[in-house]
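Asks: Sequence:
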Amino acid sequence: MRQALTIGLLLLSVTPPVSAQSFPSKPIRVIVPSVAGGGTDITARTIAPKMSEILGQQVVVENRAGAAMIIGSEAVARAAPDGHTLLMGISTMTINPFVYKKLPYDTVRDFAPLSQIVSLPNVLVVHPSLPSKTVKDFVALAKARPGTLNYASAGVGSSLHLSMELLMLMTGMRLEHVPYKGSAPAVFDLLSGQVVALTGTMLTVIPYIRNGRLRALGVTSLKRSSVMPDIPTIAEAGVPGYESVQWYGLLAPGGTPREIIAKIHDAASRATQDPAARKRFLDDGAEPLAGTPEQFAAVIRDDMAKWEKVVKAAGIKPE
-15 MRQALTIGLL LLSVTPPVSA QSFPSKPIRV IVPSVAGGGT DITARTIAPK
35 MSEILGQQVV VENRAGAAMI IGSEAVARAA PDGHTLLMGI STMTINPFVY
85 KKLPYDTVRD FAPLSQIVSL PNVLVVHPSL PSKTVKDFVA LAKARPGTLN
135 YASAGVGSSL HLSMELLMLM TGMRLEHVPY KGSAPAVFDL LSGQVVALTG
185 TMLTVIPYIR NGRLRALGVT SLKRSSVMPD IPTIAEAGVP GYESVQWYGL
235 LAPGGTPREI IAKIHDAASR ATQDPAARKR FLDDGAEPLA GTPEQFAAVI
285 RDDMAKWEKV VKAAGIKPE
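Position 135 of the sequence shown, counting from 1, maps to 119 under my numbering, and the rest follow consecutively.
No lab work stands behind these hints: they were computed from the structure. Predicted model only: the values in this text are computed from it and were never measured. Treat each hint with caution, since some may be false.
To be verified - Below, simulated EDC-like cross-link-like pairs (lysine to aspartate or glutamate); rule was C-alpha separation at most 20 Å, straight line:
#1 Lys34 / Glu227
#2 Lys263 / Asp25
#3 Lys85 / Glu58
#4 Lys34 / Glu271
#5 Lys247 / Asp267
#6 Lys34 / Asp250
#7 Lys293 / Asp90
#8 Lys207 / Glu292
#9 Lys296 / Glu220
#10 Lys86 / Asp66
#11 Lys85 / Asp287
#12 Lys296 / Asp286
#13 Lys207 / Glu303
#14 Lys290 / Asp90
#15 Lys86 / Glu46
#16 Lys34 / Glu46
#17 Lys10 / Glu37
#18 Lys263 / Glu278
#19 Lys120 / Asp66
#20 Lys86 / Asp287
#21 Lys120 / Glu37
#22 Lys263 / Glu37
#23 Lys10 / Asp90
#24 Lys85 / Glu278
#25 Lys293 / Glu243
#26 Lys207 / Asp90
#27 Lys207 / Glu160
#28 Lys247 / Asp286
#29 Lys85 / Glu220
#30 Lys86 / Glu303
#31 Lys293 / Glu303
#32 Lys207 / Asp268
#33 Lys34 / Asp268
#34 Lys301 / Asp287
#35 Lys293 / Glu278
#36 Lys296 / Asp173
#37 Lys10 / Glu243
#38 Lys247 / Asp66
#39 Lys127 / Glu160
#40 Lys117 / Glu220
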């Protein structure tokens, strides 16, 4: 009897849980915490077909928008940690803990990072009536006229707002913030000259850069964008170390077994590097990634530390 028990314990110690061995046993839901048609949604739907093929189960994208992506994120945080409910997360989740008084989940504890899918730089653009041709020119002008220049954002605490706050923190310049409800009205007022600067998403501002209605000064990533390689990075244009990128990535509920994490990560990475998916991402100005779950977890921790400092420096009060 004792020998049988010993053998049984040994087998348990080396055999993965049955749930991990049989995963996936049913369709996998990828919760997108925003409306259909946005970047988060497009990213999920781009990799879902290939992931379905690799995993042998349908990967279904489900939109649960609302409350700055908190509703969809909470649904995943509360789901069973069996790998069948995933979140297509966005870098905003590393900002939310510092702009909202109380979240219904813990961003680190309640999620298991699986695979960072893509990163997307923003672009610092100015109205062409401004004399600034470079980032250095812009910073010098702002310092010479403190508080007289303004910039638009997609709202207080948005990634586009904090991108500019980070730039001000690192350069010592001060601009007046004009928040809008979304990026579209912010860009509209920049085009009309109501505001003079903005850090905007690639997809939003590229058409206006190309037709000369906006002037690009720098991209917010550490590497130049493959979409517009002639635009320097802000870091190389005079603000060393500056980086503020958006990213999309898959996460599972906290406590998901390592074996399941590894299996989903493999499928997501292969789907991201699929030629058709890579082309779609690159055409949209996004850089496909292939890091490990551990690297993704480090990105989340580092981003949270950075944005906590920026939010405090900007004097943003949690809602």
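Asks: Hint by hint, note whether the structure agrees.
Replies: Verification of the hints:
no.: 1; hint: Lys34 / Glu227; result: 31 Å, violated
no.: 2; hint: Lys263 / Asp25; result: 17 Å, holds
no.: 3; hint: Lys85 / Glu58; result: 15 Å, holds
no.: 4; hint: Lys34 / Glu271; result: 18 Å, holds
no.: 5; hint: Lys247 / Asp267; result: 28 Å, violated
no.: 6; hint: Lys34 / Asp250; result: 12 Å, holds
no.: 7; hint: Lys293 / Asp90; result: 19 Å, holds
no.: 8; hint: Lys207 / Glu292; result: 24 Å, violated
no.: 9; hint: Lys296 / Glu220; result: 26 Å, violated
no.: 10; hint: Lys86 / Asp66; result: 26 Å, violated
no.: 11; hint: Lys85 / Asp287; result: 18 Å, holds
no.: 12; hint: Lys296 / Asp286; result: 16 Å, holds
no.: 13; hint: Lys207 / Glu303; result: 34 Å, violated
no.: 14; hint: Lys290 / Asp90; result: 17 Å, holds
no.: 15; hint: Lys86 / Glu46; result: 25 Å, violated
no.: 16; hint: Lys34 / Glu46; result: 17 Å, holds
no.: 17; hint: Lys10 / Glu37; result: 14 Å, holds
no.: 18; hint: Lys263 / Glu278; result: 26 Å, violated
no.: 19; hint: Lys120 / Asp66; result: 50 Å, violated
no.: 20; hint: Lys86 / Asp287; result: 19 Å, holds
no.: 21; hint: Lys120 / Glu37; result: 49 Å, violated
no.: 22; hint: Lys263 / Glu37; result: 19 Å, holds
no.: 23; hint: Lys10 / Asp90; result: 27 Å, violated
no.: 24; hint: Lys85 / Glu278; result: 28 Å, violated
no.: 25; hint: Lys293 / Glu243; result: 35 Å, violated
no.: 26; hint: Lys207 / Asp90; result: 31 Å, violated
no.: 27; hint: Lys207 / Glu160; result: 28 Å, violated
no.: 28; hint: Lys247 / Asp286; result: 25 Å, violated
no.: 29; hint: Lys85 / Glu220; result: 36 Å, violated
no.: 30; hint: Lys86 / Glu303; result: 9 Å, holds
no.: 31; hint: Lys293 / Glu303; result: 17 Å, holds
no.: 32; hint: Lys207 / Asp268; result: 16 Å, holds
no.: 33; hint: Lys34 / Asp268; result: 19 Å, holds
no.: 34; hint: Lys301 / Asp287; result: 19 Å, holds
no.: 35; hint: Lys293 / Glu278; result: 23 Å, violated
no.: 36; hint: Lys296 / Asp173; result: 28 Å, violated
no.: 37; hint: Lys10 / Glu243; result: 17 Å, holds
no.: 38; hint: Lys247 / Asp66; result: 12 Å, holds
no.: 39; hint: Lys127 / Glu160; result: 12 Å, holds
no.: 40; hint: Lys117 / Glu220; result: 15 Å, holds
Against the hints set out earlier in the document, violations occur for numbers 1, 5, 8, 9, 10, 13, 15, 18, 19, 21, 23, 24, 25, 26, 27, 28, 29, 35, 36.
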